[in-house]
Amino acid sequence: MGSPSYPPRSKRFRRLAAVVKSLRQMPIPQAKSTYRRLLLVWAILVTGSVLLTLNLVRLQVVQSPDLLKQARSQQMTYLRPFIPRRPIVDHNGNMLAIDHPVYTLYAHPNAFKLPKPAVAEKLAPILGQSAADINRKLDSAESGIRLEYSLAENAAARIRDLQLDGLDLNQQQQRLYPQQNLTADVVGYVDVDQVGQAGVEYSHKNLLERSVKSVRLSRTGMGAVMPDQVPSGFLHIDDLQLQLTIDSRVQRAAQVAVQQQVKKYAAKRGVVLVMDVQDGSLRALVGDPSYDPNEYYKAKLEQFKNWALTDLYEPGSTFKPLNVAIALESGAVKPDQVFNDEGEIYIDGWPIQNFDYSYVGGRGPISVTQILEHSSNVGMVHIVQQMKPDVYYSWLQKIGLGQITGSDFPFEAAGQLKDHKTFVESPVDIATTAFGQGFSLTAIQLLQLHGILASGGKLLTPHVVQGLYDSSGQPYWQPQQSTPKQIFSLTTTQTVLKMMEAVVLRGSGKGAQVPGYRIGGKTGTAQKASSSGGYQANAKITSFVGIFPIEAPRYVVVAVIDEPKGEDAFGSTVAAPIVKSVIETLITIDKIPPSQPISAPTPTPSP
Amino acid sequence: MSAALNPSPAKRNRSRLPASNQNSQRSSRRPLQSVNPATVRRLPAPDAPPRWLRSLVRVQQASLIATFTLAGSVLVVYGWTVYAQQLWGKEYQKLEHLRRDERQMTTNGEILKNKIADQAVRPGTTLVPQTPDSLIFLKPAPARNLAPGASPAPQAPPIAPLGY
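Protein sequence lines, in the order shown, are assigned to chains A and B. Once you know that position 249 of the first sequence is 249 in the working numbering, the rest is easy, because the numbers rise by one and skip nothing. Once you know that position 72 of the second sequence is 72 in the working numbering, the rest is easy, because the numbers rise by one and skip nothing.
Please keep in mind that the hints were generated in silico from the structure rather than gathered at the bench.
Some residues of chain A that are not near chain B, with every Cβ distance over 12 Å (derived):
#, residue
1, A111
2, K116
3, F570
Label pairs and their computed distance ranges (CB to CB):
#, chain 1, residue 1, chain 2, residue 2, range
4, A, Q171, B, V121, 30 to 40 Å
5, B, A48, A, Q30, 36 to 46 Å
6, B, Q61, A, R160, 56 to 66 Å
Even glycine gets a Cβ: it sits at the ideal position worked out from N, Cα and C.
Sequences and hints are given; from them, build the entire structure.
Here's what the structure looks like:
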């Protein structure tokens, strides 16, 4: 009886308050035990929640670092996206080198769920090995058995689809060269660790390599990747490729031609170089014998160097047009000047004779053009003797003898030229230089020197890398090309080119004639220097240089064959046909119209 | 005990005899014989809760609605993020497959080209290399001068199709 002692609240609270109050007011012991029971329940619940709080504190604060580490190791994974080395393409977009992923298969028999023979049975058709072989390998160790390396992507996907425990697939990159030995001299090869060892792969490795960062991503329970902390550039791999100036069609034609001649004359080796004189880019550089960069380990060590750049040799008669150009440019000689060709002369007691002196003798007074046509050594000595020695020496240095060409190939060797003092004081050195012996250069330097004549007097740098282009042909980076130095005047080079045309028309270069086209060239047959001083008796190095078309030169072709054997092995028989075949290919590829009407007209139908 | 028992009889009365409202009303006016009138208490009429309590209750109800809405949207957004991640994972796999296909097609094409070119230079093949003899060079014909003032033929009306 009586009103409640506090102001009225909500209904529930009022009721509970009423119950508690009645319990407290009840004198009977039942109520007290009920009250105590209620208190006990409350105490148990509170204790439980306190214990839970303590556990929570323990997990979140005390054990937190360990649990975090465990969770990360389960959820996070390092993803290494496949970022390959940049591909190399030729001038027309044909792929010369491309990366592709290969897999190495490891087996850990201690983690197998199936018995070993069953696993071997399943793997046998995919790996191409017999089940017995695989079984034997699996029995050899408990873990870490390498079953197969360089597995293709399809085979690896099939093995992964088998979903067998205890098999591990490791992804690696491998470089594939689809053209095999066609461009091995230019492109080079990479070794097992994807490090370039020769050619463009070596010299331009900073352009080809891409930095690969492995990215940490978290995985769901199913193993799918979650794009939580993917860095922004993760998906975008640029599609830049290194484009070369090499044209595969010219390269292939040159390879066929040089292989044919090397085989025919049982030569030691041969090389062909083709340069475009607009900018000095190399259209072809092929050597024989060559190697397959896919299987570089099978090749002999000396094949890896590109001997067109590394090996020095004495050019011989192919250097004569440059001496003529020097003499004309320095004003010492006129184009129509006549010199006496005695056939044999003596300088400081050393005999110097023409190569055909024994059966032709002296030719008497001949013009400069005829000196080149007949490749007369004595005539050349007379021409060079018109210049002062130090003037002549400074010209030789100006055209780049004794220096490297600066091409973008690796391991280029500089030619050798005697030093100034020795040269100017020794008339016999001047005389031997007149017909291309007594100094040495590389084949690519010979190409550069004749490029001076073909380009109207400019010293071009032969190069093979056009730049980094993306797949739609837009340039991204191009190498810096400094403006070429003008060495000779245009008139001088045109005069010399006409003389070289006479060599092909009437002289030793007849083997390079192509009907309807004006081609200029020069043969060279030089004895090889022996390591003990002097010259080897039977070892020759034959070469031919072709420039075409004469009226507006576009290409210089150099073919050098080392040590052809046989009595008829001269530059005109061994090397000139190679140049002719390459020029024919260039004509058909570039659709160069003939300069003169071809002499055999086909009958036209009358209207 | 009386306080505890008191509300129930009155309530029971009301719930059992809803029709006989007038009876209960009459009983409130005249005391029932079974009940001691002295023990009948007036039900304390609850005062209206103060204004702050009413607004608090309203706030509580609003926050209840807001909580349920937010909880629902949390579930929806969470589900959406999981779905988006799954989608990303699937698309990434697709991208990797496409890249692989592109690589393989390029490589296979190049290898085929090389094999064909290799076979073309082998002896016994029916292919011959191109030579300058097989090229034909034509001079373009000189530009023709149209007679000045030559007008096109007078336009005849186009012949309409004569029905179908």
